[in-house]
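Residue numbers (the working numbering), protein chains in the order written: chain Z, 1 to 517; chain X, 1 to 331; chain Y, 1 to 331; chain U, 1 to 290.
Some clues are possibly wrong.
So the derived list for chain Y, only partly shown, Cβ under 7 Å to chain X, looks like this [to be verified]: (1) Q46; (2) I131; (3) L138; (4) G149; (5) G272; (6) L275; (7) R279; (8) E307; (9) T313.
Each computed EDC-like pair below joins lysine to aspartate or glutamate, with the alpha-carbon atoms no more than 16 Å apart [unchecked claim]: (10) U:K120 - U:E261; (11) Y:K199 - Z:D126; (12) Z:K351 - X:D224; (13) Z:K351 - X:E214; (14) Y:K199 - Z:E118; (15) U:K130 - U:D100.
The set of hints was computed from the structure by calculation and includes no laboratory data.
Nothing here was measured: the structure is a model prediction, and the numbers come from that model.
Idealized CB from N, CA, C, for every residue including glycine.
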Amino acid sequence: MAAGISDEALSPAAAPLVEMTGIDKSFPGVRALSQARFELLPGEVHALMGENGAGKSTLMKILSGVYARDAGVVKLNGMPVEITAPRQAQDLGISIIHQELALMRDLTAAQNIFIGREPRRFGILDEARLNRDAAAIFASMNLRLEPTVKVETLTIAKQQMVEIAKALSYRSRVLIMDEPTAALNDAEIAELFAIINRLKAEGVGIVYISHKMDEIKRISDRVTVMRDGEYVGTVPAADTPIDTIISMMVGRTLTNEALVIPNAADAPLALEVRNLRRGREIRDVSFSLRQGEILGFAGLMGAGRTETARAIFGADRREGGEIWVRGQRVGIASPRDAVEKGIGYLSEDRKLFGLATGLDVRNNIALASLSRFTGPFGVLDEAGMAKAAQGAIRQLAIKTPSDTQEARLLSGGNQQKVVIAKWLLRDCDILIFDEPTRGIDVGAKSEIYKLLNALAAEGKAIIVISSELPEILRLSHRIAVMCEGRLTGILPGGSSQEEIMRLATMREPAMELRHAG
Amino acid sequence: MTDTAAPAQKSGIRISGAFHRLLAFSGLIALVVVFSLASPNFMQTQNILAILQATSVNGVLAIAATLVIITGGIDLSVGTLMTFCAVIAGVILTYFGLPLPLGVLGAILAGTASGLVSGTVIAKLKVPPFIATLGMMLILKGLSLVISGTRPIYFNDTPGFTQISQGSIIGALVPALPIPNGVLILFAVALIAAFVLGKTALGRYTFALGSNEEAVRLSGVNVDRWKIAVYATAGSICGVAGLLIASRLNSAQPALGQGYELDAIAAVVIGGTSLSGGRGTVLGTLIGALIISVLANGLRILSVAQEWQTVVTGTIIILAVYADILRRRTL
Amino acid sequence: MTDTAAPAQKSGIRISGAFHRLLAFSGLIALVVVFSLASPNFMQTQNILAILQATSVNGVLAIAATLVIITGGIDLSVGTLMTFCAVIAGVILTYFGLPLPLGVLGAILAGTASGLVSGTVIAKLKVPPFIATLGMMLILKGLSLVISGTRPIYFNDTPGFTQISQGSIIGALVPALPIPNGVLILFAVALIAAFVLGKTALGRYTFALGSNEEAVRLSGVNVDRWKIAVYATAGSICGVAGLLIASRLNSAQPALGQGYELDAIAAVVIGGTSLSGGRGTVLGTLIGALIISVLANGLRILSVAQEWQTVVTGTIIILAVYADILRRRTL
Amino acid sequence: AQENYDIALISKGFQHQFWQAVKAGADQAAAEFGVNVTFEGPDTETQVDRQMDMLAAALSRQPDAIGFAALDSQAATPLLQQAAAANIPIIAFDSGVDSDIPLTTVTTDNVAAAALAADKMAELIGNAGKVAVVAHDQTSRTGIDRVDGFVNRIAEAYPDIEVVSVQYGGGDQLQSTEITKSILLANPDLKGIFGANEGSALGVANGKTELGSDIVVIGFDSGAAQKGMVESGVMAGAITQNPVGIGYETVKAAIGALNGETLPEIIDSGFDWYDASNMNDPEIAAVLYD
Ligand SMILES: Nc1ncnc2c1ncn2[C@@H]1O[C@H](COP(=O)(O)OP(=O)(O)OP(=O)(O)O)[C@@H](O)[C@H]1O
Ligand SMILES: Nc1ncnc2c1ncn2[C@@H]1O[C@H](COP(=O)(O)OP(=O)(O)OP(=O)(O)O)[C@@H](O)[C@H]1O
Ligand SMILES: [Mg+2]
Ligand SMILES: [Mg+2]
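Same shape as in the complex, but just chain Z (with noise of 0.2 Å):
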C-alpha cells in the first residue's frame, strides 16, 4: 500500500492523505470539539499541539473510528469517507497509538500485536510464525524484548514499544501516535524518531501528539495547534519558535521559568535510606534527602527507580535496608505507615495505581486525605471536600465540567493533575514524584515546577523521578543516577547531561562514586 504513495510524497504539493474540517463532539456537559480541522500530507510528520483537554486525542479518535463524530467532514485521498468502526479505519489504512495504552495484560506481546490479525494454519493459530513477526518488527525496532513475555510483567515503558510494535505491524499510510514518547526514556524515543523517519521516506503521513516541546522541533514538518476543541492555527515547524507554538496554545505568553531556589545544606534530615536491597532489581542503594531538597533520580529505562520508590513506600516487600525519617529509623511494610509517616508517591502508572477512575475528580483528590474530612460517626464533610477539590482544580488548571465529572472521562493529562492534587492535598512532608509531568502540558508543566519549588521551600523534601533530563536539571538540587538496579552516583544540581547519562550507563558497581549521605 505505502509504495504506491511514495511517488507523491516526492512532490511538496501533494494531495492531503487526510483533511478534517468542521468537526464538532460533544460529550455530557463537555463541548470537546467544536470547528475542528486537521490536514495530514503523506510523507508528512505533523504534529498536534494542545494544551489538556483542548481535544486531541478526541480528533484523532473520530479519525481513528472509535467516537462517531456530531458534525464535520472526513476526507481520505480527497474522497469524503464515513469510518464508524476502529476495522473500517485500519481497512482504510489508519492505525492509531492510543494515549491510554489498550493492551491485553493476560497475553503476550506476539499475541496483542497480531490480535485479529493471527497467521493460521488449517484453523489452528501458528504460534511460531506470530512469535517470528513479532520478533521481527521488534529487531526493525531495535527494541530487545521477547515476544512470548506477558504483556502484564513489562513496565509502561516496554508497554508503550509493544503498541508502537503493534501500530507499525498494521503496516498503514496513516499512523496517530498519541503521546507515543511520554513513558518514553532518550534512548527509545531515539529509537522511535528512526522509526518515524523511515516511514516518513516511504510516504506514510504520520500525526504526532506530544507535549514535549523539543521533540516538535526534532520530527515535525508542521505543527497544527488546538485550544478548547477549536483549530488555532497550522505553522511550519521549523520556522516557527517554540515560544510562538505556546503562545498559540495557551492563548497567551508563559512567564518565565521558576528558578531553582537553593536549599540550606545544613537543613536537617527529612529521609535517609540505607542499604535497600531487593533481589537484582534494587541493589544496595543508599541516599539521604534534607528538608527543603529536591533530589531528582536519573536513569535508564529499567534502572529500578520505581522499584526503589515502591520499596520506600511500603508498596512493595523489601529484603532488606532502613529507612530513617527525620533522623529516626521507622518501619515500613505498607504504604499506610510510609503515609502515616509523612510519605507520599506518586506512581507513574495513573490509570493502574493512581486513579480510582470510577470516582469523581472530588473524592479521587480526597482519596489519600479522606480522614481528615471524616467528622463524629464517620460522617463525611462533603463541603470541605468539594471546597478541597474546587482549589486544587484551580491551583493545577483542571480542565473539567465540576468536581463531580467521573475521573475516568478526563482527558490524559487532566487525570494525571488528578493525581498530583491528591498527594498535594495529604500534605505529606516527604513527597515522592514518579513520572510526575507525564502527558501534562507546557503551561501545566511549568505551574507544576513553580509548585515544587514553592514546596521544597516550604521545607518539604522532594523525590522526582524523571525520564526527561531536562526536568531533572530543572528542578533537582542534587541529581542521583541508578543503573541496573544500583545507585551509580550523586551529582550537584548543575551538572551536565553527559555526566549524568555516564552514570546512567555505568554498569560495574563503583563504591567510589557514591556520595551516600
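Fit chains X, Y and U with the ligands to the known structure of chain Z by using the hints.
Showing chains X, Y and U with the ligands alone in chain Z's frame:
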C-alpha cells in the same frame, strides 16, 4: 463501550436528575400496571402489603449483598448466614430463655462476627471472595444444623418475637395503614445503608475499593481494615434478615437459606449495580427486589401455571434490565 | 496486587513448569492421601471409579463455565441448560422414537442454540452476563418442565442410551480397567476444550476478551461475534453434560439442574481461574471438580454426619484455595 | 443381632423434619438392636444424581445392608444391581423401588393418604366451594402422589368442589407462605388449602395467619409447629404418616434380612388423620413427631 461514543444531549433539553431517577422505576411500574390491568385482585391494599412483606427478607439480604458487590466482591453466604443468625436468636431466647433484646443483639452480633471472618479471610489471606463466602455458606449451613440439632427452634416462649416482623406499629397509630414492621425495618435498613454509602468514610471506601483497590492502597489507606468492615457490616444486615425471617415463621428453620443468595444478588444486579464493583445504589437494589417479588406475586395472582411462571420470570428479568440499559443510553 | 509488580523468577532457580503444574494438584493429593489413610475403602478401584463417575457431569459443566468465565463473563444457566438438553434428547428418542445419534445431536444442538441466545443477549443487547444467564436459567428450567410435562422421560426404549455414560469401552478391551465412558467423555471434552483455548482463534479471543475487551474492540476485532461463539461453545458442552446425566439416570429429570451452576463455578474458581477473566486453565478446572467430588465421597466413606460434612467441605474449600495462593506466592 | 451390623440408609432428604423423624426411628432401632446406622440424603428431592453419588459412596463403604428411599427408582437400577451382586441386602423405604432387588418396602400409601385429606377437606367445607393445593415438589414421587391423590379424589367424589390452583413451594416455608397469600388474594372466596408436606403446610398456615383469613387448612405430617397449629385451630387437622415407624421398620427389616428371615413384600407403615380432638390419643400421639 458504545455508550462513551454515543453523542448526547445536543438538543439542550437536559432531563432533571430527579426525573431521571424516577425513570429507573420504569420496569417496576410497567409490571405493576400490567398486573393491575390483568387482575382486579392485584391492586388491593392487602396484596400490596403482601408484596412488601414478601420483599422484606430478600430486600434486606440484597442490601447486604449490595455493599459487598460495590467493593467488587461477592457474598454467597448471605442466605445461610441469615439462617445462622436466626438459629443463634433461637438458642438465646428459647434454649437459654434470655430476654428479647439479647436475642436481637445476639443475632446481629453473630452476623457481624461471621462477616468479620469472611472479610478477614478475603483481606488477609487473599482468598477470592467467591471462594471465601462459598466456604462460609457451607460452614454456616452446617453449623446451623449442628447448633439447632437439625430441628426448628420455636419462639413460643418469647411472645413479642413475632411482632418484630408481623406486628404493625404504624397500624397501631393509623389503622388504615397496617404496614407490617418487617417492611418498616426493610426501609430503615435501606435508609441507613444509603446513608452509610453516601455520607460516611466507610461508604466512600466501599466505592473506592471497587473502583481501584490498588490505587486506594497506594493512597495510604488501610485497605484490609475497610474491606473487613464492609463484610462485617453486610453480616450485621444479614443478622437483621435472620430476625425478620425467624419472626415471620415464629421459628428458626435451620435447613432454609441456601439459594437465597441468588435472589439477593439478582436484586442487586437488576437494580443496576455492577458486579465488577465501583458503582451501585441501595435504591436500585430496593427496586430490583421489588421487581422480583411483584413478578412472583403477580404471576401467582394470575394463576399462571408454575412452569410457565419460571419462563416468564426469566424473560422479564432480562427485559427489565434491557429496558434500563436503553433508558440510560438515550438519556 | 503485589504480584503484578513482582518481576518473575529473578533468582537463577527456575522451577520447571511441569513441576510447578504438578504442585497445583497438591490440595487434591493431600485430600486423597488423608482419606486413604483414614479408610481402607477409599482407595478401592470401585470407589475411585465412583468418584470419577461423580465428577463427570460437574466436570463437563465446569469446563463450559471455564470458557465463559475466562471472557470475564459468568454462566448461571449451565445446570438448567444441561437438563433442558437432556429433555430434548428424551423428546427425540422417547417421544419421537428417533435413532440414538439424532438424540445425541439434538441435545448438543439445543445447547448450542441456547448458548447462541445467551451470547446474543449479552453481546448485542449489552445485558450483563449475570442477568442474561440468570434469565436463561429460569427460562430453561421452565421450558424443561413444560416440554416434559413435568415428569421424567425414561429412555427404556433406547437400549444403547445408558451406555453413553455407564458402558465402558475401555473395560471391554481391558477388563481390569472398567472406566465408565462418562469419564472418558469428560476427559475428551477437557482435551478438546484445552485445545480450543490454547490453539485456536476462538481460544485466543476468549482470553483477550477477558483481559481487555475494549482493547480488543479497538484492535478492530468483531468482539460480538466471538463472544457469542464462546457462549455457544459453552452451550454445546452443556449439551454433552445433559447426555451424560440422562444416560446415568436413564431418564431426563426435568426438575434437576438448578444449583448445579454453583458447583460448576466453584470447581472453576478452585481450579485457579479468576472470575475477573483473562486467565484460567481446563486442567485447573478438572482438578477443582475432582477436589469437590473427592471431598464429598471421602466424607461419606468416613461416615461423617451429614451436617458436619457441610462444615468440613466449606472449610477445606477455603483451605485448598489458600494453599494454592501460598504456593503461587512462594514460587 | 449379636453382630455389629453396619447399615447405610440413603433417604430422599435430610434437613426436613420428616426425614429427621425417619432418622430418629432408625437410630432408635440401631440402639435397640445394637447395630450401626448412617443416614444421608440430598438437599432437595430433585437431586437424583446426587442421591446416586451417595448410594455409590455407601456401596464403596461395603455396609452389611442398605436402606434406600429412591428419588427415581429406575435411575438407581445399575447401582442396586451392583449391590445385589455384592450380596448386600436392600430395603426400600418411603416409596417403592421399581425393581425386584429390594427385599421389602416400608412405605406409606401417599395416594390414599392424600385422598383422606380430600375427604376431610370436603367434610369441613360442606362439600362445595373452591380449594387449592400448595405442594412441595412438582416432579418427586411424594409430590406427584399427594397432589394426584387429593385432586383426583375431589374430582371423583365431590362435583361441587373445584381445585382452583396447585402450586409448588419447594417445601420452603417462606416461599409457601408467599404462594398461599397470592392464592388467597387471587381467590377471595377460597374455602380451603391442602398443604402437601410439612413445610408447605406450615407455609399455608402462616399465610392464612398473616392475612387474617379463616379458610380451612389441612396439613400433612407433624412437627412441633404443625401440632401447635392443629391444637390452636389454625389448621383444621393433618394427615400423619409414621416416619419414626418407617425408620424403625427399615432398620429392623434389614437386620431380619441379614439374619436370614423372610420378609413380607410390603411393610405398610400406615397413615392417620389427626386434629385437635384426637391428637392426644396415645396411638395417634405415638406417630406424631416434634
Ligand atoms: N468520553 C468522554 N466523556 C466526557 N468527556 C470527555 C470524554 N472524552 C474526552 N472528554 C473531554 O473532552 C475534552 C477533550 O479531551 P481530549 O482527550 O481530546 O484532550 P487532549 O487534547 O487529548 O488532552 P491531553 O493532552 O490531556 O491528552 C476534555 O475536556 C475531556 O474531559
Ligand atoms: N526484560 C525484563 N524482564 C524482566 N524484568 C525486567 C526487564 N526489564 C526490566 N525489568 C524489571 O523492571 C524493573 C525496573 O523497573 P522500572 O523500569 O520501573 O525502573 P525505572 O528506573 O523506574 O525505569 P522507568 O524509567 O521505566 O520508570 C527492574 O527491576 C526489572 O526487574
Ligand atoms: Mg489526549
Ligand atoms: Mg519508572
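Hint-by-hint comparison with the structure:
| no. | hint | verdict |
| --- | --- | --- |
| 1 | Q46 | violated, 27 Å |
| 2 | I131 | holds, 5 Å |
| 3 | L138 | holds, 3 Å |
| 4 | G149 | violated, 9 Å |
| 5 | G272 | violated, 10 Å |
| 6 | L275 | holds, 6 Å |
| 7 | R279 | violated, 12 Å |
| 8 | E307 | holds, 4 Å |
| 9 | T313 | holds, 5 Å |
| 10 | U:K120 - U:E261 | violated, 40 Å |
| 11 | Y:K199 - Z:D126 | holds, 8 Å |
| 12 | Z:K351 - X:D224 | violated, 21 Å |
| 13 | Z:K351 - X:E214 | holds, 10 Å |
| 14 | Y:K199 - Z:E118 | holds, 11 Å |
| 15 | U:K130 - U:D100 | violated, 42 Å |
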